[in-house]
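Student: The listed protein sequences derive, respectively, from chains A and B. For the first sequence, the positions run 2 to 168 when this note's numbering is used. For the second sequence, the positions run 66 to 217 when this note's numbering is used.
Bear in mind the hints are in silico, worked out from the structure with no lab data behind them. Hints are not guaranteed to be accurate.
Pairs of lysine-lysine residues, derived as DSBU-like cross-links and limited to a Cα-Cα distance of at most 35 Å, are as follows [what the hints assert, rightly or not]:
id	chain 1	residue 1	chain 2	residue 2
1	B	LYS209	B	LYS85
2	B	LYS209	B	LYS139
3	B	LYS139	A	LYS96
4	B	LYS139	B	LYS205
5	A	LYS153	A	LYS96
6	B	LYS139	A	LYS153
Which chain B residues stay away from chain A? Per the calculated CB distances, all over 12 Å, these [what the hints assert, rightly or not]:
id	residue
7	VAL72
8	THR75
9	CYS107
10	GLN126
11	HIS138
12	ARG145
13	GLY167
14	ASP171
15	TYR173
16	VAL176
17	ASP180
18	ASP201
Quick caveat: nothing in here was measured; it's all calculated off a predicted structure. Don't be surprised by glycine CBs; every beta carbon is placed ideally from N, CA and C.
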Amino acid sequence: MATDGSDILARLADRFGAAIQGTEDRFGDHTAVVERVAVADVLAFCRDDPGLRCDLLMDLTAVDYLTYPGREDGPRFEVVYHLYSVPHNHRIRLKIGLDEDDAVLASAVPLWPIANWFEREVWDMFGIRFEGHPNLRRLLLYEEFRGHPLRKDYPVNRRQPLIGPRD
Amino acid sequence: MGIGDFVTTTLDAALGWARKYSIFQYPFVTACCGMEYMATSCSHYDIDRFGAGLPRFSPRQADVLFVVGTISHKMAPVLRRIYDQMTEPKWVVAFGVCTCTGGFYDNYATVQGIDTIVPVDIYIPGCPPRPESVLDGLMKLQEKIAIGRQRY
């Protein structure tokens, strides 16, 4: 039986109180902004609670709000989890804000093995580390690459060729 | 043959003529241009007319390296190694804009033209190039092979 998105948000707010920093429902996508210290508990609750049963981690990605209008004083990064429940056919999205100088988050690999490669990709592209990850190496780029190219302060024209001319 | 049963030629011209009609390609296919390469290779456009109907999937048996699709910086050493494994004489065709210039991938990941890694003989632009463009490029390559010009 599908649970309405606003009911899920209410349950999360009931269970975790102040650790849910805010909720929104834009275009029917129900989203909770979660405090960083509570992320492992919230994710485990979403997976294991009989009423939620979000057994599928559909996506784990990040956003860099460095130059985003209206977000100058908020946390620089946001890590985004998209969860889906196969038995209940409902979805929920979780967002966690992270500051640049302390971009570390608890790993979701113990809950969903698929998080392994998602978290490696986020480390590769954004330089956000996941504590407890079994093998946090670059996923797509090569080991010699310096920096994280999807950060907004990575220069668009910077090339790091392995062979051939360098600029 | 006509009146007599012999023709006169030079060794270079005879070799060039033989080579241009026995192109053994190595298709280095990395991206979407591969679809257009397949269309060109199959019966409708019949690349066999130009003696290029038999791709060799070993660089050691190939004369022409077809680089078909975007080359990333991570892939560049692999491409260079494949090129080095080919025996001479050898030619390289850059197939599609990504191999010619990087195309619209002006970013951290993409090689801005494979001529920064290996010498290129023929550039076939297009995103992807139509089979007609590919055949045009192939005929230009044949002209180059016939007069024995190459850039290795």
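Student: Hints first: check each against the structure and report whether it holds.
Tutor: Status of the hints after comparison with the structure:
no.: 1; hint: LYS209(B) / LYS85(B); result: 8 Å, holds
no.: 2; hint: LYS209(B) / LYS139(B); result: 31 Å, holds
no.: 3; hint: LYS139(B) / LYS96(A); result: 32 Å, holds
no.: 4; hint: LYS139(B) / LYS205(B); result: 31 Å, holds
no.: 5; hint: LYS153(A) / LYS96(A); result: 19 Å, holds
no.: 6; hint: LYS139(B) / LYS153(A); result: 22 Å, holds
no.: 7; hint: VAL72; result: 46 Å, holds
no.: 8; hint: THR75; result: 38 Å, holds
no.: 9; hint: CYS107; result: 32 Å, holds
no.: 10; hint: GLN126; result: 25 Å, holds
no.: 11; hint: HIS138; result: 5 Å, violated
no.: 12; hint: ARG145; result: 6 Å, violated
no.: 13; hint: GLY167; result: 10 Å, violated
no.: 14; hint: ASP171; result: 8 Å, violated
no.: 15; hint: TYR173; result: 4 Å, violated
no.: 16; hint: VAL176; result: 7 Å, violated
no.: 17; hint: ASP180; result: 9 Å, violated
no.: 18; hint: ASP201; result: 28 Å, holds
Checked against the numbered hints above, the structure violates hints 11, 12, 13, 14, 15, 16 and 17; every other hint is satisfied.
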